[in-house]
Every structure is written in structure tokens, then in C-alpha cells.
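Numbering (my numbering), first residue to last: 1 to 139.
Worth flagging that the hints you see were computed from the coordinates, not collected in a lab.
From the three backbone atoms N, C-alpha and C, an ideal C-beta is built for every residue, glycine too.
Check before you lean on any hint, since a few could be wrong.
[As the list claims (entries may be wrong)] The list that follows gives simulated cross-link-like pairs (lysine-lysine, DSS-like), each with its CA atoms no further than 25 Å apart:
(1) Lys30 - Lys100
(2) Lys100 - Lys116
(3) Lys100 - Lys10
(4) Lys16 - Lys30
(5) Lys116 - Lys52
(6) Lys116 - Lys16
(7) Lys52 - Lys16
(8) Lys100 - Lys52
(9) Lys52 - Lys10
(10) Lys10 - Lys30
[Claimed, not checked] Label pairs and their computed distance ranges (CB to CB):
(11) Lys30 - Ile132: 19 to 25 Å
(12) Glu29 - Leu135: 21 to 27 Å
(13) Glu113 - Val18: 29 to 35 Å
(14) Arg53 - Ser33: 16 to 22 Å
(15) Leu112 - Ala17: 18 to 24 Å
(16) Pro7 - Ala121: 29 to 35 Å
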Amino acid sequence: LLFLVDPIQKRFVLQKAVLDSDSKESMLEKIQSVPLPLDDRAGILFSVYQRKRPFVFKRVKEAQFFDSNERILSIVGKKPGILLPLLSQGRVIALLAIFKHEEKDIFSNENLEITKSIAEAIATSVGNSILIENLNRER
């Protein structure tokens, strides 16, 4: 799941979801219906945004989630995952949430490093896209 940060409307916006379920469209609609304000009510999303550090959870029960997070997890399933901030010029522009297929799977240190590297590349692409969009708007 890729959540963009909308600083103007002060919320997280689901931009992209790659899901491995037969009911992708209904799942995507359900996730998009969950309000995610850019404040404490967004739970762990806001915590990762504020701290600018990834959050890894082996079992969802270990983490404390607010209502919005509980609704998202009830849709995608309570699997191990990682929530990564995507940084551009020192600010968080998006959050990337990746969940494992099986509950027994955990992220190895090698998988975490690869995931962080991929997140950096995605952040660069998203940041460049935002800059191009802003330049086009100014014209």
C-alpha cells in the first residue's frame, strides 16, 4: 500500500495498492473509505510520519493501533509487515506498507535492507514526480 502525504488537506491518501486477493476492487474501495487524518488518529501511520523511521511488526497484536489502523488491518489481514516513510529532501512525502503472505513469515535483516533500498528508490521517483507536477502547475 502506498499512502501519499497531503499536507494541504492534512491527511494520508491511498495512492496505490498491489493486492494478491480475488476481491482487489472491493478491498481497495474499503481501504479508501478509511479516513486517515495527518494526526494522532491515524495511529501508527502518523507515528512513522512523525519519527521518519520504519516500523516493523512481527505480529499485529504486538502493536497498538487506533481505529483507522484496525479497519485497514481487518481488510488486508493481520500479517507481519513493515511501514516505511518515503523521504524527499528531508520530509516524509509518502508511506509504504508491505505485508507478508503468511503469518509465520517474518522479515529477515537482509529482507529489511532490500526493502529499505527499494523504498529509497520509490521515494526518489515520487519526489521527482511531485517536483515535475509543481513545475507544470507554475507554468
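Right, here's what the structure says about each hint:
The suggested pairing of lysine 30 with lysine 100 holds, with an alpha-carbon distance near 20 Å, which does not exceed 25 Å. Of the pairs offered as hints, the one joining lysine 100 and lysine 116 holds, with about 15 Å between alpha carbons and a cut-off of 25 Å not exceeded. A C-alpha spacing of about 29 Å is found between lysine 100 and lysine 10, which places the hinted pair above 25 Å, so the restraint is violated. Between the alpha carbons of lysine 16 and lysine 30 the distance comes to roughly 13 Å, so the proposed pair stays at or under 25 Å and holds.
At most 25 Å may separate the alpha-carbon atoms for a hinted pair to count; lysine 116 and lysine 52 meet this at roughly 13 Å. Between lysine 116 and lysine 16 the CA atoms are separated by roughly 18 Å; this keeps the pair inside 25 Å, and the hint holds. The straight-line distance between the Cα atoms of lysine 52 and lysine 16 is roughly 20 Å, inside the 25 Å bound, and the hint therefore holds. For the proposed pair lysine 100 and lysine 52, the alpha carbon gap of about 22 Å is at most 25 Å, so the pair holds.
In summary, the hint linking lysine 52 to lysine 10 is supported, as the alpha carbons are separated by about 17 Å, within the 25 Å threshold. Using a Cα cut-off of 25 Å, the hinted pair lysine 10 and lysine 30 holds, with the two alpha carbons roughly 20 Å apart. Lysine 30 and isoleucine 132 have their C-beta atoms about 31 Å apart, which leaves the hinted 19 to 25 Å range violated. Between glutamate 29 and leucine 135, the C-beta spacing of about 33 Å breaks the proposed range 21 to 27 Å.
The hinted range of 29 to 35 Å is not satisfied by glutamate 113 and valine 18, whose Cβ atoms lie roughly 21 Å apart. Taken as a hint, the range 16 to 22 Å is violated for the pair arginine 53 and serine 33, whose Cβ atoms sit roughly 28 Å apart. Against the hinted window of 18 to 24 Å, the Cβ-Cβ separation of leucine 112 and alanine 17 comes to about 22 Å, which satisfies the hint. Taking 29 to 35 Å as the suggested C-beta distance range, the pair proline 7 and alanine 121 does not conform, at roughly 23 Å.
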